[in-house]
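Note that the protein sequences, when read in sequence, are chains A and B. The opening residue of the first sequence carries number 1 in our numbering; numbering runs sequentially from there. The opening residue of the second sequence carries number 1 in our numbering; numbering runs sequentially from there.
Treat the hints with caution; some may be incorrect.
Distance ranges between label pairs, derived from CB positions [what the hints assert, rightly or not]:
#: 1; chain 1: B; residue 1: G230; chain 2: A; residue 2: E72; range: 21 to 29 Å
#: 2; chain 1: B; residue 1: M173; chain 2: A; residue 2: R102; range: 40 to 48 Å
#: 3; chain 1: B; residue 1: P144; chain 2: A; residue 2: A26; range: 46 to 54 Å
#: 4; chain 1: A; residue 1: A105; chain 2: B; residue 2: K309; range: 37 to 45 Å
#: 5; chain 1: B; residue 1: P144; chain 2: A; residue 2: A74; range: 46 to 54 Å
#: 6; chain 1: B; residue 1: K309; chain 2: A; residue 2: R102; range: 37 to 45 Å
#: 7; chain 1: B; residue 1: K263; chain 2: A; residue 2: R73; range: 49 to 57 Å
#: 8; chain 1: B; residue 1: K398; chain 2: A; residue 2: P51; range: 20 to 28 Å
#: 9; chain 1: A; residue 1: P110; chain 2: B; residue 2: D150; range: 26 to 34 Å
#: 10; chain 1: B; residue 1: D93; chain 2: A; residue 2: P51; range: 41 to 49 Å
Heads up, simulated DMTMM-like pairs for lysine to aspartate or glutamate below, C-alpha to C-alpha not over 25 Å straight-line [to be verified]:
#: 11; chain 1: A; residue 1: K83; chain 2: B; residue 2: D397
#: 12; chain 1: B; residue 1: K187; chain 2: B; residue 2: E265
#: 13; chain 1: B; residue 1: K369; chain 2: B; residue 2: E391
#: 14; chain 1: B; residue 1: K384; chain 2: A; residue 2: E89
#: 15; chain 1: B; residue 1: K96; chain 2: B; residue 2: E107
#: 16; chain 1: B; residue 1: K96; chain 2: A; residue 2: E112
#: 17; chain 1: B; residue 1: K187; chain 2: B; residue 2: D245
#: 18; chain 1: B; residue 1: K208; chain 2: B; residue 2: D368
#: 19; chain 1: A; residue 1: K83; chain 2: B; residue 2: D405
#: 20; chain 1: B; residue 1: K229; chain 2: B; residue 2: D368
#: 21; chain 1: B; residue 1: K398; chain 2: A; residue 2: E72
#: 22; chain 1: B; residue 1: K170; chain 2: A; residue 2: E112
#: 23; chain 1: B; residue 1: K284; chain 2: B; residue 2: D137
#: 24; chain 1: B; residue 1: K160; chain 2: B; residue 2: D381
#: 25; chain 1: B; residue 1: K215; chain 2: B; residue 2: D256
#: 26; chain 1: B; residue 1: K211; chain 2: B; residue 2: E265
#: 27; chain 1: B; residue 1: K187; chain 2: B; residue 2: E107
#: 28; chain 1: A; residue 1: K83; chain 2: A; residue 2: E72
#: 29; chain 1: B; residue 1: K369; chain 2: A; residue 2: D25
#: 30; chain 1: B; residue 1: K211; chain 2: B; residue 2: E300
#: 31; chain 1: A; residue 1: K83; chain 2: B; residue 2: E300
#: 32; chain 1: B; residue 1: K412; chain 2: A; residue 2: E112
#: 33; chain 1: B; residue 1: K263; chain 2: B; residue 2: D150
#: 34; chain 1: B; residue 1: K160; chain 2: B; residue 2: E267
#: 35; chain 1: B; residue 1: K160; chain 2: A; residue 2: E89
#: 36; chain 1: B; residue 1: K119; chain 2: B; residue 2: E300
#: 37; chain 1: A; residue 1: K83; chain 2: B; residue 2: D368
#: 38; chain 1: B; residue 1: K384; chain 2: B; residue 2: D256
#: 39; chain 1: B; residue 1: K160; chain 2: B; residue 2: D368
#: 40; chain 1: B; residue 1: K187; chain 2: B; residue 2: E267
Just so you know, these hints were derived from the structure itself, not from any lab. Everything numeric in this text was worked out from a predicted model, so none of it was measured. In this text, a Cβ means the ideal position worked out from N, Cα and C, and glycines have one as well.
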Amino acid sequence: MQKHDMTWMLLISLMAFGSANAEDDAIHIRTLAASCAACHGTNGNSVGGTPVLAGLDQGHFTSQMLAFRSGERASTVMHRHAKGLTPAEIEQLAHYFAAQPRTAAITPTPVE
Amino acid sequence: MAIDRRDFLKFSAGATLLAHPVLSFAKARTRGRVVVIGGGYAGATAAKYLRMWSEGTIEVVVIEPNQHFISCPLSNLVLGGSKHIGELMFAYDQLKSQHGIQWVRDEVTAIDSQTRTVKMTRGQLSYDRLIVAPGVDFIYDQLPTLQGIDAQIAVPHAWKAGPQTVNLQKQLMAMADNGVFVISVPKAPYRCPPGPYERISQVAFYLKQHKPKAKIIALDANPEITSKKGLFTKAWADLYPGMIDYRPNSSLVDVDIATRTVKTEFETVKADVLNVIPPQRAGKPAQMAGVVNIDKRWCEVDFLTYESKVAPNIHIVGDAVSAALPKSAHMATSQARICASAIVCAMNGQPIDPSPVFANTCYSYVTDKMAMHVAHVYRYDAAKRVMVAAEGGGVSDKPSEQEGDYAQYWAKNIWSDVLT
Numbered sequence: 001m002q003k004h005d006m007t008w009m010l011l012i013s014l015m016a017f018g019s020a021n022a023e024d025d026a027i028h029i030r031t032l033a034a035s036c037a038a039c040h041g042t043n044g045n046s047v048g049g050t051p052v053l054a055g056l057d058q059g060h061f062t063s064q065m066l067a068f069r070s071g072e073r074a075s076t077v078m079h080r081h082a083k084g085l086t087p088a089e090i091e092q093l094a095h096y097f098a099a100q101p102r103t104a105a106i107t108p109t110p111v112e
Numbered sequence: 001m002a003i004d005r006r007d008f009l010k011f012s013a014g015a016t017l018l019a020h021p022v023l024s025f026a027k028a029r030t031r032g033r034v035v036v037i038g039g040g041y042a043g044a045t046a047a048k049y050l051r052m053w054s055e056g057t058i059e060v061v062v063i064e065p066n067q068h069f070i071s072c073p074l075s076n077l078v079l080g081g082s083k084h085i086g087e088l089m090f091a092y093d094q095l096k097s098q099h100g101i102q103w104v105r106d107e108v109t110a111i112d113s114q115t116r117t118v119k120m121t122r123g124q125l126s127y128d129r130l131i132v133a134p135g136v137d138f139i140y141d142q143l144p145t146l147q148g149i150d151a152q153i154a155v156p157h158a159w160k161a162g163p164q165t166v167n168l169q170k171q172l173m174a175m176a177d178n179g180v181f182v183i184s185v186p187k188a189p190y191r192c193p194p195g196p197y198e199r200i201s202q203v204a205f206y207l208k209q210h211k212p213k214a215k216i217i218a219l220d221a222n223p224e225i226t227s228k229k230g231l232f233t234k235a236w237a238d239l240y241p242g243m244i245d246y247r248p249n250s251s252l253v254d255v256d257i258a259t260r261t262v263k264t265e266f267e268t269v270k271a272d273v274l275n276v277i278p279p280q281r282a283g284k285p286a287q288m289a290g291v292v293n294i295d296k297r298w299c300e301v302d303f304l305t306y307e308s309k310v311a312p313n314i315h316i317v318g319d320a321v322s323a324a325l326p327k328s329a330h331m332a333t334s335q336a337r338i339c340a341s342a343i344v345c346a347m348n349g350q351p352i353d354p355s356p357v358f359a360n361t362c363y364s365y366v367t368d369k370m371a372m373h374v375a376h377v378y379r380y381d382a383a384k385r386v387m388v389a390a391e392g393g394g395v396s397d398k399p400s401e402q403e404g405d406y407a408q409y410w411a412k413n414i415w416s417d418v419l420t
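Using the sequences and the accompanying hints, generate a full structural model.
In structure tokens:
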């Protein structure tokens with residue numbers, strides 16, 4: 001076995017045997033939450049057009065995600081994203097975004 | 001297991017920055033250095049999130065030959081006339097200064113994975129880990145007449161946004177009122193699955209207003225429209241009736257540059273404006289790194305880390321990755337963050353995420369204002385060891401102006417995320 005494989009395997013097995021759960025979830029959620037950035041901005045600080053998720057009330061976040069899933073709240077695209085997540089992930093995302101500070105929107109300036 | 005835990009904490013050992021005329025970085029006390037080749041959606045995102053998530057403890061150097069970032073997403077709107085190319089071009093200044101990313105404007109000429117060194121035209125850099133985000137390279141083996149700068153000026157690909165996009169736009173503007181625009185679509189996989197069909201829509205939008213007698217012939221090497229098929233088919237029939245002649249199973253076998261004439265296995269078609277999107281493979285730096293191991297075209301990676309399956313310490317993100325995943329900008333950024341997160345964990349001696357999940361969306365415009373989406377959440381399948389689309393994904397019911405607005409907001413937010 002190549003050495004680099006062993007390094008990663010060790011990291012994964014650390015994961016499996018006895019490492020702190022909250023920390024593992026944090027790693028899982030930071031990349032999942034960051035994939036929302038394409039529409040909702042870095043750490044949920046939307047720079048316009050879509051809702052800001054940073055600092056959103058956890059209960060509100062969860063209820064909206066569940067409403068997108070069930071179709072109770074009509075959406076253009078959020079039902080697709082909400083349906084692909086587990087209830088636990090939605091809870092953890094709610095917690096994650098609630099904890100993000102709101103920051104001023106920064107948009108890159110076009111060269112033109 | 002025989003490996004010492006300290007082994008993966010030792011990454012910073014031996015990281016020396018070799019001479020480069022434009023570089024005078026003091027060697028910071030860091031956990032190690034990651035060199036990122038390419039400042040597109042994938043590379044820029046990897047660099048930013050490595051700095052953010054390591055809280056500045058990983059040194060990041062990006063090597064990018066171009067002065068500006070130019071977005072491929074929305075570049076078809078330049079052909080339709082509702083965007084100017086300058087609106088899609090951005091400086092890298094904010095990204096660099098906000099996150100303390102070191103930047104080398106140069107071209108990679110060689111990669112030595114044994115000594116962990118990247119050579120450029122003006123110097124070299126050593127790395128602890130390398131991220132290769134090279135985008136795509138065009139394959140001209142089947143279409144040799146298209147190789148060469150003059151040929152590509154006469155027959156643009158416009159599949160990397162910038163001067164090529166402007167060239168194609170100018171040719172369309174100069175075309176006779178009853179002219180024929182011919183577009184060739186390569187066999188999948190290629191960058192941006194719905195992109196060619198969005199382009200056909202945008203050219204039709206332009207022609208309908210300015211040259212309504214003109215025609216579009218689409219020669220598609222694929223057996224059918226590869227993405228959002230029902231939506232494009234209906235949009236073309238509703239919005240541009242009689243204008244678009246779509247021909248599936250039409251691979252090019254020859255291109256005559258001077259007369260803008262193409263041959264497929266079945267027919268010869270003459271164009272007034274010809275746009276050949278060539279077949280694609282992983283960009284040149286991936287070839288130099290020796291990580292292009294699938295069909296001599298794409299790079300096989302571990303989807304938990306995006307590390308190459310054939311070369312240790314070399315990670316590949318973005319369009320160059322071999323995967324049953326759409327080669328989209330959003331996908332490139334999602335892959336880049338999984339990779340960045342795994343590298344931060346490795347350098348911190350923390351466990352990595354054994355089951356990554358991320359969202360992907362791709363909007364396509366059928367007019368200047370109306371767009372539609374394809375969106376999925378992708379989840380790691382531990383048995384198959386690949387990313388698999390979760391239940392609940394899919395496409396819009398129909399194109400709409402509301403989604404046209406959201407597509408602009410998507411662009412604004414992803415540009416802000418990637419470039420600031």
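Cross-check of the supplied hints:
{"no.": "1", "hint": "B:G230 x A:E72: 21 to 29 Å", "in the structure": "holds (27 Å)"}
{"no.": "2", "hint": "B:M173 x A:R102: 40 to 48 Å", "in the structure": "holds (45 Å)"}
{"no.": "3", "hint": "B:P144 x A:A26: 46 to 54 Å", "in the structure": "holds (53 Å)"}
{"no.": "4", "hint": "A:A105 x B:K309: 37 to 45 Å", "in the structure": "holds (40 Å)"}
{"no.": "5", "hint": "B:P144 x A:A74: 46 to 54 Å", "in the structure": "holds (53 Å)"}
{"no.": "6", "hint": "B:K309 x A:R102: 37 to 45 Å", "in the structure": "holds (42 Å)"}
{"no.": "7", "hint": "B:K263 x A:R73: 49 to 57 Å", "in the structure": "holds (53 Å)"}
{"no.": "8", "hint": "B:K398 x A:P51: 20 to 28 Å", "in the structure": "holds (23 Å)"}
{"no.": "9", "hint": "A:P110 x B:D150: 26 to 34 Å", "in the structure": "holds (30 Å)"}
{"no.": "10", "hint": "B:D93 x A:P51: 41 to 49 Å", "in the structure": "violated (29 Å)"}
{"no.": "11", "hint": "A:K83 x B:D397", "in the structure": "holds (17 Å)"}
{"no.": "12", "hint": "B:K187 x B:E265", "in the structure": "holds (15 Å)"}
{"no.": "13", "hint": "B:K369 x B:E391", "in the structure": "violated (29 Å)"}
{"no.": "14", "hint": "B:K384 x A:E89", "in the structure": "holds (22 Å)"}
{"no.": "15", "hint": "B:K96 x B:E107", "in the structure": "holds (18 Å)"}
{"no.": "16", "hint": "B:K96 x A:E112", "in the structure": "holds (20 Å)"}
{"no.": "17", "hint": "B:K187 x B:D245", "in the structure": "holds (18 Å)"}
{"no.": "18", "hint": "B:K208 x B:D368", "in the structure": "holds (12 Å)"}
{"no.": "19", "hint": "A:K83 x B:D405", "in the structure": "holds (23 Å)"}
{"no.": "20", "hint": "B:K229 x B:D368", "in the structure": "holds (20 Å)"}
{"no.": "21", "hint": "B:K398 x A:E72", "in the structure": "holds (20 Å)"}
{"no.": "22", "hint": "B:K170 x A:E112", "in the structure": "holds (18 Å)"}
{"no.": "23", "hint": "B:K284 x B:D137", "in the structure": "holds (6 Å)"}
{"no.": "24", "hint": "B:K160 x B:D381", "in the structure": "violated (32 Å)"}
{"no.": "25", "hint": "B:K215 x B:D256", "in the structure": "holds (20 Å)"}
{"no.": "26", "hint": "B:K211 x B:E265", "in the structure": "violated (30 Å)"}
{"no.": "27", "hint": "B:K187 x B:E107", "in the structure": "violated (29 Å)"}
{"no.": "28", "hint": "A:K83 x A:E72", "in the structure": "holds (13 Å)"}
{"no.": "29", "hint": "B:K369 x A:D25", "in the structure": "violated (40 Å)"}
{"no.": "30", "hint": "B:K211 x B:E300", "in the structure": "violated (46 Å)"}
{"no.": "31", "hint": "A:K83 x B:E300", "in the structure": "violated (29 Å)"}
{"no.": "32", "hint": "B:K412 x A:E112", "in the structure": "holds (16 Å)"}
{"no.": "33", "hint": "B:K263 x B:D150", "in the structure": "holds (20 Å)"}
{"no.": "34", "hint": "B:K160 x B:E267", "in the structure": "violated (28 Å)"}
{"no.": "35", "hint": "B:K160 x A:E89", "in the structure": "violated (36 Å)"}
{"no.": "36", "hint": "B:K119 x B:E300", "in the structure": "holds (23 Å)"}
{"no.": "37", "hint": "A:K83 x B:D368", "in the structure": "violated (30 Å)"}
{"no.": "38", "hint": "B:K384 x B:D256", "in the structure": "violated (45 Å)"}
{"no.": "39", "hint": "B:K160 x B:D368", "in the structure": "holds (21 Å)"}
{"no.": "40", "hint": "B:K187 x B:E267", "in the structure": "holds (18 Å)"}
Comparing the model with each numbered hint stated earlier shows that hints 10, 13, 24, 26, 27, 29, 30, 31, 34, 35, 37, 38 do not hold.
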